Structures are given as structure tokens and as C-alpha cells.
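Number of protein chains: 2
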Amino acid sequence: MKIDSVDFFYLSMPEVTTEADGSQDALLVRVAADGFVGYGECEAAPLPSIAAFVCPMSHGACQPVSASVLGRVLNGPQDIAAIAAAVAYNSMDVLQAAHTFSGIEMALWDILGKARGEPVWKLLGYQASHPKTPYASLLFGDDAQQTLSRARQAMHEGFKAVKFGWGPIGRGTAQQDAEHFFAAREAIGVDGILLVDVGQIFVDDLERAALRLDALQAARTVWLEEPFHADALESYGALAARCGSLKLAGGEGAHNSYMARHLIDYGKIGFVQIDCGRIGGIGPAKQVADYAVQRGVTYVNHTFTSHLALSASLQPFAGLAEHTICEYPASPKALAVEMTANHLARDADGLIRTPDAPGLGIEMNAQAVLRYQVEVEIRVGGKTNYLSPKFS
Amino acid sequence: MKIDSVDFFYLSMPEVTTEADGSQDALLVRVAADGFVGYGECEAAPLPSIAAFVCPMSHGACQPVSASVLGRVLNGPQDIAAIAAAVAYNSMDVLQAAHTFSGIEMALWDILGKARGEPVWKLLGYQASHPKTPYASLLFGDDAQQTLSRARQAMHEGFKAVKFGWGPIGRGTAQQDAEHFFAAREAIGVDGILLVDVGQIFVDDLERAALRLDALQAARTVWLEEPFHADALESYGALAARCGSLKLAGGEGAHNSYMARHLIDYGKIGFVQIDCGRIGGIGPAKQVADYAVQRGVTYVNHTFTSHLALSASLQPFAGLAEHTICEYPASPKALAVEMTANHLARDADGLIRTPDAPGLGIEMNAQAVLRYQVEVEIRVGGKTNYLSPKFS
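Here the protein sequences line up with chains S and R, keeping their order. Letter by letter, the first sequence follows residues 0 to 391 of numbering that gives the first Met the number 0. Letter by letter, the second sequence follows residues 0 to 391 of numbering that gives the first Met the number 0.
Treat the hints as calculated values from the structure; they're not laboratory data. Bear in mind the structure is a predicted one, so any value in this text is a computation, not a measurement. The reader is advised that the hints may include incorrect statements.
[Stated by the list, open to error] Non-contacting residues of chain S with respect to chain R, defined by C-beta distances greater than 10 Å in every case (computed):
{"#": "1", "residue": "59"}
{"#": "2", "residue": "148"}
{"#": "3", "residue": "261"}
{"#": "4", "residue": "277"}
[As the list claims (entries may be wrong)] Short derived list, chain S residues pointing at chain R, Cβ under 10 Å:
{"#": "5", "residue": "94"}
{"#": "6", "residue": "121"}
{"#": "7", "residue": "257"}
{"#": "8", "residue": "377"}
[What the hints assert, rightly or not] If you want the footprint, here are the derived chain R segments under chain S, 3+ residues with CB under 8 Å:
{"#": "9", "stretch": "12 to 18"}
{"#": "10", "stretch": "49 to 60"}
{"#": "11", "stretch": "151 to 160"}
{"#": "12", "stretch": "191 to 202"}
Glycine is no exception: its CB is placed at the ideal position from the N, C-alpha and C atoms.
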């Protein structure tokens, strides 16, 4: 096969707010190769990601992503790795390139799976896929009572695990934060799995983060996610040494597999969370999963958007029976629900499964794509470099 | 002062080739605050960098760079740091943001220096600026004879140090590469300073890089630059342990100060090379310079574009008397020469000095900016988000 075309569809809710909800817009990628069509999704700012595909070349190591993708041969996983290496080298100085390529790379796996009639996880070398326990990703309430209500609602919806994130945590006192942690624990009961995400709020301030450790442990929190900037490895490592039974989680900011490995080796995290829509796609995510197994660290997906992104993010650890927790967008915005025709529903036991279908196993909903599409035109030097394509 | 406006000017040579010459285009940034005007330059792909400034918000941690810059107070260095922190947090998920902000940050220092009538290096806390020994940045020839000729030419032009980079190195045999190293040494004589840059050609392949070590040492090379991917810290560290008198250099790919510090701590580099047009500007570069001093590592600028970028890149280590080597674009393209009205010429001893003038001490050449400007228009949802501004 040969890569014939790559199209980007920028979807958005009519109104986008500052809440930490990544499902308010989406950058859908469609790739065509010899009659096969694959889909992927960049977990990224759509406009700069499109620009990194269509920009004029600045020099040999600052080429648009398109230069390393269009017209390339695609016959097996080794071709995807070769294209990824070409993008990394030729677009070395285009910082956004990793985010742009992530969605393309997923689509290449989708095409390969469809062409071979096999799910992507089989192409990755797994013999079987194992069910995962989804956690509901929720935002902390404005006060502890609201956090408690949201946790109760998630339990009511059948979740066995909840993750609370962002909101007021780290912005007030450690005592105020503790009230949220205990409220969440109260709502989910003794058997519920409690995860906490503080969205880099402490930047690299070890002591401010450490002030929260006692309450997090008392509330029997399984992991504390992203206390620091994605690259603040020293702060991660120093906090991990003081965490006791609590483990640190991080990795969603990794835009290559090296960064994720450094969080394991130097940051001493216990859970490595990979967003296939940022790290460069499914291939580098699988490398991280392999490394996590080797280092006794648990792999988890990071997904806050559509079920296309969810399927892609499950593939790299679908075959790891002991890595059971998975992020599951519990209340995504309408576009993230509607853009796919099928969904990864929870079964009677509350578990989800990576699709046992060719490729990523997700069909798109053309009407929803059309409904939410944002029209974009980029003109450079009197010539149109990008014009929103029509989905059909 | 208050930041009133930020304008981006995308300049380009009429023809851009795949050679590793970063001076073929430029992204000039102009910032205005209370009647003062400052300039900076992003060492970055112009189109995605502009897009990261004007893109619609995706969610609270994926906001355009503009959201954290326009209208902000600018009265001292602490305000620049606060704006940088706001960009890092609010644009956490916009990968390109660091490159976009780098040029803005330089312009903020330029404004502050002009308002106070002081050079930026004084605002950074240095009492004096020390002259630097510029090395001519050259590309390896297609064969060893061409490398020799280029080195002779640089000597003829009065350079005491040359750096050869890219070209055929790492693409053929180690023996072929050795011929280039020895040709360069032959041309520059026993006293010339020889530096070698291989532009990440070995990705993370330790053994392929190690095959070149004997010849590099025999040619008395001072540093081997970027043998690996900017994040391949383990490969850097392992190669450094086998380098003997040769030292490793790297850091131009760092888009925050953490990354540069990791190359020092884990990658064991001996020279840390910072591009102020990528790392987030002058502030984080100064942090790296301070850290380098503390760790016995030598700080060097990375500059392959205009003398505006050169002045900005010299400020963070202007006051470090013992960090004497500096990158100097020896044969930049016409736009990079013409876009500034003044230049940092070498003195009778072949040395260059950071301007002792308010701000960055560089004036722009309006006619050149107009001549090389590329017209860009970005429309989103029927509305113009960016239209090339007119320089005046």
C-alpha cells in the first residue's frame, strides 16, 4: 500500500470553556491508502497541529510533517516505525510535530489492521486482549460536598473506580484539599478505587506537594497524578521517596517514549499514563508498555476525548492482564460521543474491552463530523495551504 | 507598563532548501508596551508558532499563548517570569507554545531594558559583559576535500574556532567520517579550536556513535555535538563515559530549562548549548547558565539565524568570563543579515561583545522586513485569526 492522502477535521463544541475538559474539541485524522481508510485523533490544539502538517519547510530538519508521510509505503508495522523515524528526524525542530503525527500514526495502524482483518493489538504482538476496569474521570467540585455528590453519581452509574482532578486542589490550604479527598473516599466506600490528579499545580515545588501526602494516604488514594510539570523529574523522584503506600502517576505530557521512560527511571512513578494522541501514536506507547512491564510499573491509558482515541489508547496494553485500570471519559461533551458511530460500552461487570475487530474497530459518524466541524483556511504567500476538507 | 500588542512577522528567502541552514526563514516578534517597542525571534517553524498564538482555546490547559500575554503587566523581571509561568500552565497541552513564547519573551526583556536604559545582561544581574570567541558554524563538505576548503576559508576570515556539522557524517563508514575530521584539523592548524556537530544522526544508537570516538579524539575535537535525539539521555550518558578527552555537547532542542538540566545531570554533557529562541527565551536560559556554573559545565549559545537572535542568546552568559566560546552564524542567508540594521561584528582580536546598549541593542531594518515578509492569513470559523501585519 501507499499513503495517498491525510485529511484533518477540526471539530468543536459551539462554546469552549476553561474547564479542564479535553472533549470540548477534537482533531480527527483520516488517512487513505490503496482504498483502505483509517482514522486517528490528535489530543492536541487543532490549529497548530494542522499548521505543523502544512507549513512551508524552514530547512532540512524543520520540514512539515506531510513531507515524511505522503506517498510513503505502508505494508507492515516496520513501515509505520520508519515513517515515525522520518518525522522525528525531518521535523526535529517543529515542536508540534509529535502531536500532529500521533493521530496520523493511529490511522496507519487502523489501515493496517483493516487490510489484514486483525485488531491492532494483534499486530502489536498480543495473543489476547484482557478486560479493563474503567475509572470515571471527574473534576473536583468547588467544595467538598460537590466532590462527594459527583463521586456518589459515578458509583450510582456502576463505576468501581473514580479519579478526581483539577478544580480547587493546590490553590487553597492542604486542609481544604484533605476535605475533598475524604469526601471522595466517603462516597465511594471502602472498596472503591480512588485516584487523584492535581494537573501540575505544584509546578516543581516539592514541599507544597508533600503537605498533601498524609491526607492522600489516609483517604487510601492509589495514585497522585501529575503533582509537577511533566519534565520536573527531580521533584517527582524526591516526592516518590516520601509517598509510602501512595504511588505517583504521570506521563500524559510525554511527546516521545524517552520522556515516559525518564519519568519511570528518574521520576520513580508507579503508574505511567500515556496518551497515544500525544506521544506519537500507538507504536511508541507500546514501547513504553514493554518498558513498564520490565520495570514493574503499571501502564495506564490517558484518554479524555472520543472512543476512537479510547480504542487507540487501549491497544498498547490490551494484552497486559495485570495492568487493569483504564481511564474512561465518564461525561464527555456531545461531540466526543457523537463523532463515533459505535462505543466501548461497559459490560455487566462494569468492564470494558478493546475491540476484537479489524484495525481500531471504531466507525465514524459522518453527520456528527459535519455538524461539529470548524471551517479553517490557511493561506501562505497567496496560496491555500489548508482548507477544511469535506467528510464523506 | 502593560503589554498592548504582539505581532509576528514571517520572513523567508524566496527559495528554501533541505540544507541544515536555519537562516532561510525567520519569525520576528514585535511587542509594544506603553510606547516602548521590543523585538525577539523564535527559532521555530513560523506557521505553527503563529498558530499557537492565535488558535482558539481547546480547554483550560490548552489555551493560545496570547491568552497569557496580552494585557499583562510588565514592570520588572519578575513580571516576565510570571507571564512565562502562566504560558507554561495555561498552554500546557499546546506543544508549540514554548517556541512561540521564546520570541515574545526576548522582546519583553528588550522593552524592559529600553525602559530602564540598561542592557539585558545587567537586568539579569551581571556587572560586566565579557568578550566571546566566536566559532564559525559550517556544514561538512560532500567530501573531505570540500570540508578542508571550507575550514581554510573560515581561517582566512579570521576565525580561531570552527564547528562542522551535518552533511555526510554518520551516513557512511566511520573511516569516511574520520577523513572529514582530519581534513578539518589539517586546515585549522594545531591551535585552531575544532568542534563537531552530527545533528542527532545516531538517534540513540550508542555503538554507531562510539565508532567515531577514536578519530574525533585523534583530531583533537573539543566537543561532539548532538550525537543523539535531544531526549536520549541514556545514550548521552553512556557515550560520555567512553569519551576520554572529548566532551559531549547538546541542549539546542531543550524547550524548557528542565530538559537542559537533565542533559547535564543524566546525559553528562560538558557543554550545554541553549537556543533562546526555543527554550522559552532569556529567563530560562539564564537559569541553565546558573546551573551550568554550579555543575562545572560550560554554557554556549545556539544561534543560526540573525544578530537579533545572537544578541538575545549572548545575554544569559554575557557575564561568565570563563565561558568563552560562542556560536556565530558565519554565512547566514541574506534575510538574516539584512533584517537587522546593526550587527555584532568581530573586533580586531576576532572577538565579539554583547551590546552595551539598552535592551538587546539591535535595531530592525524595516525595508528588509517588508522585502522578505511572507503573507499569511489564518481564518477559523469564518473569522480572521491572523493576517500578516505591516512593519513600520
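Hint check:
1. 59: violated (4 Å)
2. 148: Holds, because the least Cβ-Cβ distance between residue 148/S and chain R comes to about 22 Å, which exceeds 10 Å.
3. 261: Residue 261/S not clear of chain R: closest Cβ-Cβ about 6 Å, inside 10 Å.
4. 277: violated (8 Å)
5. 94: Result: holds, 5 Å to nearest chain R Cβ.
6. 121: violated (28 Å)
7. 257: holds (4 Å)
8. 377: holds (5 Å)
9. 12 to 18: Holds: 4 residues of the stretch 12 to 18 of chain R have a Cβ under 8 Å from chain S.
10. 49 to 60: Our answer is that it holds, as 11 residues pass the Cβ test (under 8 Å) against chain S, meeting three.
11. 151 to 160: Coverage by chain S is violated here, the residue count being 0 at a Cβ distance below 8 Å.
12. 191 to 202: holds (count 3)
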